[in-house]
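Undergrad: Each chain, written out:
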Amino acid sequence: MRTAFIETLCELAAADERIVLVCGDLGYSVLEVFARRFPDRYLNAGVAEANMTGVAAGLAMTGRVVFTYSIANFPVIRCLEQVRNDVCYHGLDVKIVAVGGGLAYGPQGYTHHGVEDLAVMRVLPGMTVVAPGDPVEARLATRAVVRQAGPCYLRLGKAGETVVHQSEPPFAIGRAIPMRDGSDVTLISTGGVLALVAGAADALGRQGIRARVLSMPCVAPLDQEAVERAAAETPLVVTVEEHGAGGLASAVAEVLAARPSAARLLPLRLERRAIQVADDQATLRSAQGLSVEGITEAVSRALARRA
Amino acid sequence: MDWRKPSTGIGSVATNSALELSRRLRRHALRMVHAAKSSHIGTCLSMADILAVLYDGVLNVRPAEPQWPGRDRLVVSKGHGAAIVYAALAERGFFPVTELDRYCRDGSPLTGHINSHVPGVDAATGALGHGLGIACGLALGARRSGAGWRAFTILSDGELDEGSIWEAVLFAPHHRLDNLVAIVDYNKIQSFGRVSDVLELEPLAAKWRAFNWGVRELDGHDHDALRAALTALPIEPGRPSVLIAHTVKGKGVPFMEDDLLWHYRSPSDAELAAALAAVSGGEKAGAP
Chain E
0 MRTAFIETLC
10 ELAAADERIV
20 LVCGDLGYSV
30 LEVFARRFPD
40 RYLNAGVAEA
50 NMTGVAAGLA
60 MTGRVVFTYS
70 IANFPVIRCL
80 EQVRNDVCYH
90 GLDVKIVAVG
100 GGLAYGPQGY
110 THHGVEDLAV
120 MRVLPGMTVV
130 APGDPVEARL
140 ATRAVVRQAG
150 PCYLRLGKAG
160 ETVVHQSEPP
170 FAIGRAIPMR
180 DGSDVTLIST
190 GGVLALVAGA
200 ADALGRQGIR
210 ARVLSMPCVA
220 PLDQEAVERA
230 AAETPLVVTV
240 EEHGAGGLAS
250 AVAEVLAARP
260 SAARLLPLRL
270 ERRAIQVADD
280 QATLRSAQGL
290 SVEGITEAVS
300 RALARRA
Chain V
0 MDWRKPSTGI
10 GSVATNSALE
20 LSRRLRRHAL
30 RMVHAAKSSH
40 IGTCLSMADI
50 LAVLYDGVLN
60 VRPAEPQWPG
70 RDRLVVSKGH
80 GAAIVYAALA
90 ERGFFPVTEL
100 DRYCRDGSPL
110 TGHINSHVPG
120 VDAATGALGH
130 GLGIACGLAL
140 GARRSGAGWR
150 AFTILSDGEL
160 DEGSIWEAVL
170 FAPHHRLDNL
180 VAIVDYNKIQ
190 SFGRVSDVLE
200 LEPLAAKWRA
210 FNWGVRELDG
220 HDHDALRAAL
230 TALPIEPGRP
240 SVLIAHTVKG
250 KGVPFMEDDL
260 LWHYRSPSDA
270 ELAAALAAVS
280 GGEKAGAP
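For the record, the sequence lines run as chains E and V. Under numbering that gives the first Met the number 0, the first residue of the first sequence is numbered 0, with each subsequent residue one higher. Under numbering that gives the first Met the number 0, the first residue of the second sequence is numbered 0, with each subsequent residue one higher.
The reader is advised that the hints may include incorrect statements.
Now the stretches of chain V that chain E is said to cover, found in silico as 3 or more residues with beta-carbon under 8 Å [unchecked claim]:
no.	region
1	18 to 29
2	130 to 141
3	159 to 170
Calculated Cβ distances over 10 Å to all of chain E for the following chain V residues [said to hold, decoys possible]:
no.	residue
4	TRP67
5	ALA126
6	GLY147
7	GLU201
8	ALA277
Hint data in this document are derived by calculation from the structure and do not stem from the laboratory. As the structure is a computational prediction, the values presented were derived from the model and not from experiment. Glycine included, each C-beta is placed from N, C-alpha and C at the ideal position.
Generate the whole structure from the sequences, applying the supplied hints.
TA: Now the structure itself:
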């Protein structure tokens with residue numbers, strides 16, 4: 000996803016002189032291509048995320064579209080007050096990019112697990128929150144956040160994610176991407192677990208369970224209409240995210256709670272507990288049910304209970 | 000509020016001195032915090048002279064066109080000094096002076112910490128440690144656009160405790176932002192007591208020098224010294240400038256001077272009358 004991001008950003012920057020990239024001394028072997036092509040529009044702010052974000056705000060006040068870039072929590076939580084006051088309050092065109100969202104930096108430990116970011120960012124005023132599901136969505140999301148006025152948060156994976164979309168789907172901020180239709184259950188996916196959700200839908204299909212799949216790259220604003228339709232048309236709504244409390248499941252629950260609906264919500268997400276051991280992303284995900292098998296089993300169990 | 004109405008303030012700088020402006024700002028700020036029963040009068044009075052000199056011909060701004068792209072930017076990072084900043088903007092003609100009566104009240108944009116939804120305010124502040132980073136971004140933006148305007152910021156001494164300030168202090172000289180000017184309102188008192196007791200900043204000038212800034216120390220209430228420094232910028236070519244302005248919290252009102260109490264307390268009716276008389280410098284404490 001980072002490659003898709005930086006390639007797309009270079010394309011956009013070639014056509015739009017307002018685009019500036021500021022990093023917090025991270026992005027080695029990723030950002031050089033931008034820095035070489037646009038030296039006047041690239042800046043390494045050093046290991047100083049609070050100042051990086053303040054500087055980005057100041058630059059945006061001069062009419063620029065400023066991307067800040069770092070790993071997992073560093074451009075988000077480390078400098079949260081700068082994001083809130085300097086960027087959001089002024090409604091500035093600052094686009095915050097975190098690579099390694101979720102457990103992409105699994106073995107590196109809890110400091111590098113971006114598992115609260117969606118919750119934190121989606122409550123900020125005017126903040127658009129996008130977590131693309133694969134490199135194709137990452138490309139589309141990068142274009143979309145430049146078009147979208149105001150603060151945006153782009154949560155990327157790392158590298159080597161499975162390409163789920165065989166062609167470019169229609170992509171708009173605040174809109175779900177329908178992946179397949181079904182009437183037994185709706186699976187709503189955000190971020191890098193999209194390939195797992197697609198795999199689970201296949202597995203459920205082999206059991207005779209027809210799953211609707213919505214890719215929901217945009218957590219804020221959420222596609223309420225798509226959620227309401229899912230709740231009206233399928234008896235079970237399942238959210239899947241590589242994130243703890245407060246993310247997609249909470250956003251969907253807010254919609255469901257506000258409308259009369261018979262549909263039940265099954266949130267598949269990480270526990271609100273810091274992971275204290277080293278392991279690869281797939282293993283850490285699986286340990287908390289975020290695997291094709293885990294999702295498949297949880298859904299069929301929930302449907303069986305209902306029946 | 001009709002922000003476009005012409006000001007009843009001093010308007011043109013040519014006809015009024017910074018000294019008279021500083022008196023008016025002090026009177027406004029005292030009335031505002033009294034009427035709103037709000038705090039932070041000490042910090043307002045401590046930067047009254049800095050603001051008066053800045054808005055008396057130093058800052059290149061157009062009150063009738065607050066968003067004029069060529070204007071000098073001012074980020075007042077010590078956002079709790081909002082009352083006197085609004086007073087300066089009103090006096091300078093950015094909005095009617097009568098609006099100051101609604102400070103902290105009645106759905107006014109004049110919030111107790113500086114609000115960017117007020118004409119003439121370049122950045123909202125209030126959480127300490129934010130202004131210098133924003134000012135760095137502004138200065139860098141001007142530099143990279145080839146624009147000639149400058150970015151000013153006023154910092155409190157207490158906020159120099161914030162780590163984010165020192166990130167920015169490191170950043171600005173590296174990028175040779177000689178269009179950036181920081182003014183430290185060094186009144187030596189922060190919210191729980193003396194700076195030297197809470198978290199010592201000294202040797203303060205040496206710290207900035209060590210970070211490669213052009214540094215000048217001065218009396219932050221001496222208009223001639225302020226004007227001389229603010230019209231001879233940058234202090235050193237190729238470097239950002241910092242004026243360490245030695246000030247007195249509550250300056251101008253003897254019973255408020257150098258007293259932590261006036262970080263919090265709002266003056267009573269009698270105290271207001273005495274304070275207005277004191278800051279009027281022997282003139283009648285009538286309407287500002």
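Undergrad: What are the numbers of the hints that this structure violates, sorted from low to high?
TA: 1, 5
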